[in-house]
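*Asks:* Single-letter residue listing:
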Amino acid sequence: AQSVTQPDIHITVSEGASLELRCNYSYGATPYLFWYVQSPGQGLQLLLKYFSGDTLVQGIKGFEAEFKRSQSSFNLRKPSVHWSDAAEYFCAVGASNFGNEKLTFGTGTRLTIIP
Amino acid sequence: GAGVSQTPSNKVTEKGKYVELRCDPISGHTALYWYRQSLGQGPEFLIYFQGTGAADDSGLPNDRFFAVRPEGSVSTLKIQRTERGDSAVYLCASSTGTEAEQYFGPGTRLTVT
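Residue numbers (our numbering), protein chains in the order written: chain A, 195 to 309; chain B, 16 to 128.
With the rest of the complex left out, here is chain A:
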């Protein structure tokens, strides 16, 4: 069974500083990995996804993530955060790329931005 660990429950970053949110997964085959963002009262929005190929993937809002198979990690990064980035971030793993598999989510990391 697949699983996702987000070791940081809450992170506080100054506006303009860089950000890295950690994600570790457990899955026996090639994983399909996602990062979603959830703002208060909003649905989950997909930031980026990794299926295959280049291990550094670019997403929306200036986010990127790097897939490292040897470390079973898919960490999310942003070089300079904005106050609007304050939200809950979820890493998720899926078993296939064919749109017919459930996603398994981590418990999330809450990001707070300070001026």
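To be clear, the hints were calculated from the coordinates, so they are not data collected in a lab.
Model, not experiment: these values are computed from the prediction.
There's no promise every hint is true.
Label-pair restraints from in silico Cβ distances [claimed, not checked]:
hint, chain 1, residue 1, chain 2, residue 2, range
1, B, SER42, A, SER274, 19 to 25 Å
2, B, TYR33, A, PRO273, 22 to 28 Å
3, A, SER246, B, ARG79, 36 to 42 Å
4, A, GLY235, B, PHE81, 26 to 32 Å
5, A, LYS262, B, TYR33, 45 to 51 Å
We treat Cβ as the ideally placed atom computed from N, Cα and C, and that holds for glycine.
We have chain A; now place chain B onto it with these hints.
*Replies:* Relative to chain A, chain B alone:
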């Protein structure tokens, strides 16, 4: 275009009552998913439909939970004899069925008193 919509946005019910939660997927999306998100947790999978049939219902916690999608579009999640532990945000998502990207609705917050 319209995204995934869910109604109601909030539902308060008494313990033991029956509730129905509705999901309207993105037009043309053949795959539909239900997840449940408890406070401080990530979404947990409940059930997945491909067309009208439930392809995977392994996440339904017990037989009080049931979902249908009779015409392959709108889906209803039904909870019988609600319990306080059922309180959560119920999320619906849809996808094209050929791509893994799932598009989520805003959720229905269910509170069982």
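*Asks:* Hint by hint, note whether the structure agrees.
*Replies:* For each hint, the structure was consulted:
no., hint, in the structure
1, B:SER42 <-> A:SER274: 19 to 25 Å, "37 Å, violated"
2, B:TYR33 <-> A:PRO273: 22 to 28 Å, "51 Å, violated"
3, A:SER246 <-> B:ARG79: 36 to 42 Å, "40 Å, holds"
4, A:GLY235 <-> B:PHE81: 26 to 32 Å, "28 Å, holds"
5, A:LYS262 <-> B:TYR33: 45 to 51 Å, "47 Å, holds"
In summary, the numbered hints that this structure violates are 1, 2.
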